[in-house]
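Peer 1: Sequence:
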Amino acid sequence: MLADGVCGAGTWAALVEAGHRLGDRLLYLRTPYQRGEDVADLQRRLGALGFSAGRVDGILGPDTAAAIGALQENAGLTADGICGPDTVAVLDRIPSGDSHSMQMLLERERLRSRPRLLSAAPIALAGADSLVVATARLLRRRGARVLVLSQREGSDVAAAANEVDTSVLLDVQLADGRSCETFYFETAGFTSSGGKRLAEMLAATLGSLLDVPGAAAGMRLPLLRESRMPAVACHLGPPPDVVEQQAALAEQIAQCLADWIAEPL
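All residue numbers in the sequence shown are consecutive under our numbering, ending with 296.
Using C-beta positions, here's what the derived DEER-type ranges look like: (1) R143 x G81: 12 to 22 Å; (2) L57 x V195: 29 to 39 Å; (3) Q286 x R143: 20 to 30 Å; (4) P116 x G81: 18 to 28 Å; (5) Q277 x A248: 22 to 32 Å; (6) R139 x P269: 31 to 41 Å; (7) Q182 x A219: 24 to 34 Å.
Don't read these hints as lab results, they were simulated from the structure. All C-beta atoms, glycine included, are put in the ideal place defined by N, C-alpha and C.
Could you build the full structure based on these sequences and the hints that come with them?
Peer 2: Quick look at the structure:
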């Protein structure tokens with residue numbers, strides 16, 4: 032999480048989720064989706080056993096529920112998709128492999144199967160209005176399909192991008208101080224390979240334009256965690272420098288996205 036010294040809704044939710052351990056409660060598909068460290072642990076274990084539970088994001092969605100049912104069926108349990116004491120006992124008895132490698136492999140295979148042409152890979156942009164609009168204009172001139180999102184909250188941005196199944200999501204925000212920080216999704220047992228590559232590309236390129244050290248880091252921000260495609264949050268500052276360099280920044284962001292579409296790994 033971003034270190035702002037404020038215990039807001041996001042921080043409180045993270046504390047609540049961290050308090051759950053696998054076996055403390057029944058885990059199953061419901062609305063809203065269950066979230067917590069116990070869900071992430073379940074996803075890691077299922078993935079290590081070869082069941083496709085989706086990425087390790089701590090959110091129990093349809094993929095994780097289907098993987099629970101598949102495990103139960105293979106173990107001779109009632110395949111009801113509910114992870115209770117019997118299912119946890121099965122997981123505890125079966126030695127697991129490298130969950131990190133398995134989940135990373137699945138994401139990399141999905142990226143390899145995505146279109147490599149800019150015109151065939153929809154891009155979602157959100158955040159700083161004028162810079163995002165300028166970037167979208169440049170990408171469209173190259174033939175890209177670009178969706179500019181109006182949502183502001185991270186969860187809302189991710190949900191909007193998920194609805195249209197974009198290939199990548201980039202959220203650009205202005206920072207008060209001198210900054211060129213980019214963030215991709217990372218948690219224990221999973222790193223978004225595609226998000227990390229794009230974040231590192233943007234940090235290196237945009238940092239030189241703003242004359243500040245560019246830095247890329249793994250985070251569990253809602254926008255990164257809840258988006259189903261590789262996503263990057265980019266924080267640039269100070270605002271006067273970003274405004275002054277807007278044309279150059281837009282050009283470089285567009286170029287990074289085009290390069291990433293062609294080679295996401």
